[in-house]
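2 protein chains.
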Amino acid sequence: MIDQSTICAISTSPGVGAIAVIRLSGADAIAVADKVFKSGKSGKKLADQPANTVHFGKIQSDEEMIDEVIVAVFKAPHSFTGEDIVEISCHGSVYIQQKILELLLKNGARLAFPGEFTQRAFLNGKMDLSQAEAVADVIASSNAAAHKLAMNQMRGGFSREINELRDQLLHFTAMVELELDFAEEEVEFANRTQLRQLTEKIEKLLARLVNSFQLGNAIKNGIPVAIVGETNVGKSTLLNALLNEEKAIVSDIHGTTRDVIEDVVNLHGTAFRFFDTAGIRDTKDVIETLGIERTYSKLEQAAIVLLVTDLQNPYPVVAERINDIRKRLNEEQKLIIVGNKLDSAIHDTMVQMEAIDLNDHEKLVFIAAKQKTNLNQLVDLLLSAVNLHIADSQDVIVSNVRHYEILRNAHNAILRVLEGIDSGITNDFLAQDIRECLHYLGEITGEITNHEVLGHIFKNFCIGK
Amino acid sequence: MIDQSTICAISTSPGVGAIAVIRLSGADAIAVADKVFKSGKSGKKLADQPANTVHFGKIQSDEEMIDEVIVAVFKAPHSFTGEDIVEISCHGSVYIQQKILELLLKNGARLAFPGEFTQRAFLNGKMDLSQAEAVADVIASSNAAAHKLAMNQMRGGFSREINELRDQLLHFTAMVELELDFAEEEVEFANRTQLRQLTEKIEKLLARLVNSFQLGNAIKNGIPVAIVGETNVGKSTLLNALLNEEKAIVSDIHGTTRDVIEDVVNLHGTAFRFFDTAGIRDTKDVIETLGIERTYSKLEQAAIVLLVTDLQNPYPVVAERINDIRKRLNEEQKLIIVGNKLDSAIHDTMVQMEAIDLNDHEKLVFIAAKQKTNLNQLVDLLLSAVNLHIADSQDVIVSNVRHYEILRNAHNAILRVLEGIDSGITNDFLAQDIRECLHYLGEITGEITNHEVLGHIFKNFCIGK
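Taken in sequence, the protein lines are chains Z and P.
In terms of the working numbering, the first sequence has 138 at position 138, counting the first letter as 1, and numbering is strictly consecutive.
In terms of the working numbering, the second sequence has 6 at position 6, counting the first letter as 1, and numbering is strictly consecutive.
Worth flagging that the hints you see were computed from the coordinates, not collected in a lab.
Hints are supplied without guarantee of correctness; some may be wrong.
What the hints assert, rightly or not - Simulated restraints, written as ranges between beta carbons of each label pair:
| id | chain 1 | residue 1 | chain 2 | residue 2 | range |
| --- | --- | --- | --- | --- | --- |
| 1 | Z | Q377 | P | L105 | 25 to 35 Å |
| 2 | P | G40 | Z | E405 | 31 to 41 Å |
| 3 | Z | S61 | P | T231 | 37 to 47 Å |
| 4 | Z | S42 | P | L358 | 52 to 62 Å |
Unchecked claim - Just a few of them, taken from the derived set where beta-carbon distance is under 8 Å, the chain P residues facing chain Z:
| id | residue |
| --- | --- |
| 5 | T12 |
| 6 | A18 |
| 7 | A20 |
| 8 | V21 |
| 9 | T53 |
| 10 | S142 |
| 11 | N143 |
| 12 | K465 |
Here the structure is a predicted model, which means the values were calculated and not measured.
The beta carbon of each residue, even a glycine, is placed where N, CA and C say it ideally should be.
Just chain Z, same shape as in the assembly:
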């Protein structure tokens, strides 16, 4: 049973603005609005107005005139929630917003729970669960990459991928279960080789989605970049220079939230999570050795490694460090070798560094962090490293932890199917694993869900959405 009560909430950002919007949704949304709204011109009730129209008038509480407002009327099922919706645009004083809200509550609406408008949109079939979840991500996304990811998911790109997977699995299960019905007759409707191929294909798809989470999560929370190098090569200076760069870039973005973690930098629409590390050097000091070990272990978490070297050093010193780091990186990680202190570089070191044979995942750039020379080139390299990453991982990228966990479960189930085929287990076990996999995919789109899961998903939404 869908809750039919009429809910209301302030939907715009809290605080004072030129205007604010208060939203009502539910079976009685228009009736409740009619109790507090007096049309300015026609005197008509909102109930008598056509859908998708706006009306000027005033909100009055007994004798007190609260505000002059614009009211928009939407009618079920053609609205965001699929219910009747009234949106009241009022002057954006906190006092007025609060007063109108109080008035609506007094006249039969109740305050919406966090995300309840979106939850109703899901329950009324306006979007599936993964799309509903993306609404929160769209609102929270603060850079181009995260926005694109969330927007694609909200518009159903991810759902399409999941539904294709489900179709393939259903085809698979149909064949297996058909054999099950004729178990005593030992027929084989599905060629075992073909079955295995289909299973492998599904396994690959699931594996790709599971693996895309690392990148999706990175896009959402910032691409992890490790800044490594010997002591005193200018790592911190570089980090500060990049942070300054950020301040210049974000300062013209109105109202950008300030409570970012110190080291997340938004460079031309992509968030990078830089972590500075202890300088690497050969030492017998036990404590310092521990610190250096930690640097190496941090390398593993990085999608991109910025290896900072000092161009004032002779080439062999630089080369040794480069080789050391190269050995420690895996194929997925991008390496940017940064020759710092360009202003006082040893010429020969530069020449020899330029001669290094770089592979596809490696780049070289000379900068002077202190003077901010060539910093733009470094930023471009960072951005192209990410684009390479995104291009590598094709269309749909998973960024939601819930989806990731479900997809891992689905992937494990399909791996058991594959194992089962190879070890020749009976069809009923196969069918059970496939059904489990189908069940998981249904949890993502919300075909299979329960109150608790919904509560958990929507509790992190803001009120008014």
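Since chain Z is already given, all that's left is putting chain P on it; use the hints.
What follows is chain P alone, placed relative to chain Z:
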């Protein structure tokens, strides 16, 4: 010449919200919106849609899908600014808001100056200048009293008052100037006694408006309340108790701004500006005497004086202080005598205090500030003291500094007229003073204005209004 360019701005509170509204106004508002908006269903251009309708669709920049939005279309002259207006309701991420704004700028709109929407409403004759000014006050008002004042002014209550004054002055000037035309014939169209009566009436009206500013300003910025009394009677405890009261009251108001001056307390919709003072006592210490003098001088600024006394003291001590303060107050000021420490009071002191003969502007209450006993009674007395004040000053209350200054000038001009009549100056001097007075009133409603004045008025508005 009115600027016809199309302006745009984010009109909702800055920051992340469920939704945000971006507003376009100007001759090309609809054309600019049509360049970035693709209708979801009909595919129709907004230019082909009727006024006062809303439309679902998407905002697209080249290949990038920015957001799914609801767009409202208003057509000149039936809009807030009197021009074509398009309001775009988007998902409230800062990224999306910024992107849509950038897109509109790229397609021919320019960023609105602070208050430019309201300024256009004034220039297009949708409201007079004092109403336009009230829009900012409506948005800024954070309590019921300030809201009522601003709303009354925005709805034209103040303009009506000014226009009535102008009508009376015009009647007056017509008579005087008629006499001027027939100066050589020594006719007297206007009976001098009647003229004087009319001038007096106008003077009284202007004086009332000028005087109302003190209250208007107090309502806007907090009613000034002095807390006075001897040392150690519990003045600071009382102030803290009242501040706590406030926290309890404002905590359920969503998004209330936090950067209030420490001692402004919002009690049931009215702001009070409490100032604690140095304790009064007889002393030979020169420095302390200076502090006490300052306390007395602060008394003058207070609309309400809270005289805190200690019920543990014998009555004569209390009575002496009450008489001392009573002597120092003027007729306009309200006095609330607070008997504190009710929990350990001397019974006789209470009995004798209750026997004090209070006038209309005086009240008595017994409390225990520390235990918060009877604090509600004290709050009620504060509120009724203000209501008495507001009731005293009839309808329209001036709260705008610009209006106050102009009204003072107008009042001085009319005083000169009165003086002139009594001293028998010639009609041309009389007429000049009257015309000056008319000029000032025209400055309030904006019939007489200039670019500089407008710039000054609207620069303190927020962008988007």
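Structure-based check of each hint:
1. For Z/Q377 and P/L105, the Cβ-Cβ distance of about 29 Å falls inside the hinted range of 25 to 35 Å, so the restraint holds.
2. A beta carbon spacing of about 34 Å between P/G40 and Z/E405 agrees with the range 31 to 41 Å that was offered as a hint.
3. Under the hint 37 to 47 Å, the C-beta atoms of Z/S61 and P/T231, about 46 Å apart, fit the expected range.
4. At about 54 Å, the CB distance of Z/S42 to P/L358 agrees with the hint of 52 to 62 Å.
5. With a least beta-carbon distance of about 4 Å to chain Z, the hint placing P/T12 at the interface is held under the 8 Å criterion.
6. Taking 8 Å as the C-beta cut-off, the interface hint given for P/A18 holds, the closest approach to chain Z being about 3 Å.
7. Annotation: P/A20 was flagged as interfacial toward chain Z, and the flag holds, the nearest CB pair being 6 Å apart, inside 8 Å.
8. With a least beta-carbon distance of about 6 Å to chain Z, the hint placing P/V21 at the interface is held under the 8 Å criterion.
9. With a cut of 8 Å, the hint placing P/T53 at the interface with chain Z holds, because the nearest CB-to-CB distance is about 6 Å.
10. For P/S142, the shortest C-beta to C-beta distance to chain Z is roughly 5 Å, which falls under 8 Å, so the interface hint holds.
11. A distance limit of 8 Å between C-beta atoms decides the matter here; for P/N143 the minimum to chain Z is near 6 Å, and the interface restraint holds.
12. At a threshold of 8 Å, the smallest CB-CB gap from P/K465 to chain Z is about 3 Å, leaving the interface hint in force.
Comparing the model with each earlier hint shows no violations; every hint is respected.
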